[in-house]
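J.: Produce the complete structure using the sequences and hints provided.
These protein sequence lines are chains A and B, in that order. Here the first sequence is numbered in this note's numbering, starting from 1 and rising by one per residue. Here the second sequence is numbered in this note's numbering, starting from 334 and rising by one per residue.
Any given hint could turn out to be false.
So the derived label-pair ranges between C-beta atoms look like this [claimed, not checked]:
| id | chain 1 | residue 1 | chain 2 | residue 2 | range |
| --- | --- | --- | --- | --- | --- |
| 1 | A | Ala25 | B | Ser420 | 33 to 41 Å |
| 2 | A | Leu151 | B | Arg347 | 22 to 30 Å |
| 3 | B | Arg442 | A | Gly133 | 31 to 39 Å |
| 4 | B | His501 | A | Leu163 | 43 to 51 Å |
| 5 | B | Arg350 | A | Pro320 | 45 to 53 Å |
| 6 | B | Gly474 | A | Ala235 | 30 to 38 Å |
| 7 | B | Pro571 | A | Ala235 | 49 to 57 Å |
| 8 | A | Leu272 | B | Gly474 | 24 to 32 Å |
| 9 | B | Asn500 | A | Ala235 | 29 to 37 Å |
| 10 | B | Arg347 | A | Ala111 | 42 to 50 Å |
| 11 | A | Arg137 | B | Ala454 | 40 to 48 Å |
| 12 | B | Asn445 | A | Leu272 | 24 to 32 Å |
| 13 | A | Arg137 | B | Trp396 | 37 to 45 Å |
To be clear, the hints were calculated from the coordinates, so they are not data collected in a lab. The beta carbon of each residue, even a glycine, is placed where N, CA and C say it ideally should be.
Given next are the chains, with one letter for each unit.
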Amino acid sequence: MTPDPRQFQRRRQGLLLALALLLPASLLLGAASGAYYIPPLEIPRVLQQGLEGASVLLNLRFPRVLLAALVGGTLALSGAVLQGLLRTPLAEPGLVGLGLGAAFGAVLWLAFFPLAAWGLPLAAALGVLGVLGLLLRLVGEGEQPGVRLLLMGLLLGSVLSALIGFLQFRVGDPQGRSLTFWTLGSLGGASWELLALTAPLALLSGVLLLGQSRALNALTLGEEEAFHLGISVGALRWRALLLVALGVGAAVGAAGNIAFVGLLVPWLLRALGGADHRFVLPAAWLLGASLTVLADLAARTLFAPAELPVGLLTTLVGGPLFLYLFARGGWRG
Amino acid sequence: MANWLLAQNLGFRRGGRWLLQGVSLALEPGFWVLLGPNGAGKSTLLRLLSGEWQPSEGAVRLWGRPIGEYRPGELALQRAFLPQQRSLAFPYTAREVVALGRLPHQKGRPENARDLERIEAALRETRALALAERPYFSLSGGERVRVDLARILAQETPILLLDEPTNHLDPRQQLEVLSLLARRARQGHLVLAALHDLNQAALFADGLLFLREGRLLAQGAPQELLQPALLEAVYGVPFELLEHRGRRLVLPVGEGTPTA
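T.: Shown next as structure tokens:
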């Protein structure tokens, strides 16, 4: 009568496998497409024989699609972890001001140390931590913490974007990045250097966050019950928030605030495969990576040679979904 | 082993008010029921005994060792706790909720055959097996209680602490839960539950504990404690004692009680 629980398990494994295949496919497609089209299956031959297009692949496309995957995976995973920590499906790094906190940290760093790009991801992570600390303090214990968090995050976000705009107006950005870059995101600045700068922090945060899945499962029942199930909740919070800050800082420092990836991806996965974080977290990384590669592909080819900010596309899809979720009151409907 | 769970002069202060004061008790295996009016400190006492809250004065000892010295992971193998208010942030199935009870035993490994067997057995014991694959959010209040209770049982701890586990249950389900807890107690568990129904408590419990305004007024066998004078002191309303087939029953009789 009851369906076999193992069937559910198999479905999750199937989904993970499909997502693991989707990512290299997206990367290939992303590397192939652009102003100069190289058929995906020709890519190995082009590289081996150093044909025309090899330098486009090596210098432009590869770093770009890899950065897109890294940034997207990190943002989606961070979103899923943040939702688990705050116990609401409505938390999204870009929306609660974390992304703009990262951008503010990065812009501030560049204003003072225009040539020290190496410090950018860490400065951005500090920006995220600052916003997180402020938000958690402001939201406190009152009624409807989720709603308060969102409202305060949004307000904080608009103050931060004004501050970013002001800083850029006064100081300028040595790398020529605009306010639009920070608020809507772009992978246009991708290079091997930027990738090398971003990857260590983003991957470290990702790997360590994946290890928090059981504790986050327990937290689904509430902080008290997580404690009764043997979780040190305070330590978990610190660890996970710190790792989220590192990840979001690295991602936003490299590509600006690509909004709603962190909301859309975990939501979709919970609808498809259930809410167990042991499934949602790795799946979120994979799907976030693939979707961002594809969104960036669309952003740079739809109106070529002009390039859309990639966050514009993710917001067009994720924003309405968020409104829908919010109107429904989260999961309970 | 006499030192299961011990409270020594336990006090808890919050916001300048003592929610609990001067409570000393020693609990051994058996079914203990915590009674008292709302706000008497029942939940506070349970949370202190579970190690979740630190007492403002006095101490709780588990197996003779101060409970504050246990790590959360160690405590989770000794006692399970069912709070009064329960919530779930994400759409888990009932089985997934029960599976969370196995976390303390897993220490990072995936569910093994024994975990799956315990989850199944716990669901069966609370008659929630038919609900196993349903989303928790789709369950009624009574069904949720059975699933949450199964989670506590799946945790496989010698000590069970429950805050009003019969809330939202109809009479039959209440009986089922209480007889389940009594059975667990006979099997050698220490079960401590806060309840409201005096007669049910007297029927199933091995011992009663009466709290009033944060103080422990009385502790003892049900048939000794079901005295109108004591109950009036606890609840602030007169009680009538009825004898029926050798069993004592009590009934609150206030000014509003219609006369026969």
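J.: It remains to establish, for every hint, whether it holds in the given structure.
T.: Now the hints, each set against the structure:
For A/Ala25 paired with B/Ser420, a C-beta distance near 40 Å keeps the hint of 33 to 41 Å intact. For A/Leu151 and B/Arg347, the hinted distance range of 22 to 30 Å is satisfied, since their beta carbons lie about 29 Å from each other. Checked against the hint of 31 to 39 Å, the pair B/Arg442 and A/Gly133 passes, with Cβ atoms roughly 35 Å apart. In this structure, B/His501 and A/Leu163 meet the distance hint of 43 to 51 Å, their C-beta atoms being roughly 50 Å apart.
B/Arg350 and A/Pro320 have their C-beta atoms about 49 Å apart, which keeps the hinted 45 to 53 Å range intact. A C-beta distance of roughly 34 Å is found between B/Gly474 and A/Ala235, which places it inside the suggested range of 30 to 38 Å. Against the hinted window of 49 to 57 Å, the Cβ-Cβ separation of B/Pro571 and A/Ala235 comes to about 51 Å, which satisfies the hint. Distance hint for A/Leu272 and B/Gly474: a CB-CB separation of about 29 Å, consistent with the stated range 24 to 32 Å.
In this structure the hint that B/Asn500 and A/Ala235 lie 29 to 37 Å apart at CB holds, the actual value being about 32 Å. Distance hint for B/Arg347 and A/Ala111: a CB-CB separation of about 46 Å, consistent with the stated range 42 to 50 Å. For A/Arg137 paired with B/Ala454, a C-beta distance near 45 Å keeps the hint of 40 to 48 Å intact. The hint said 24 to 32 Å for the Cβ distance between B/Asn445 and A/Leu272, and at roughly 26 Å that hint holds.
Taking 37 to 45 Å as the suggested C-beta distance range, the pair A/Arg137 and B/Trp396 conforms, at roughly 39 Å.
No hint from the list above goes unmet by this structure.
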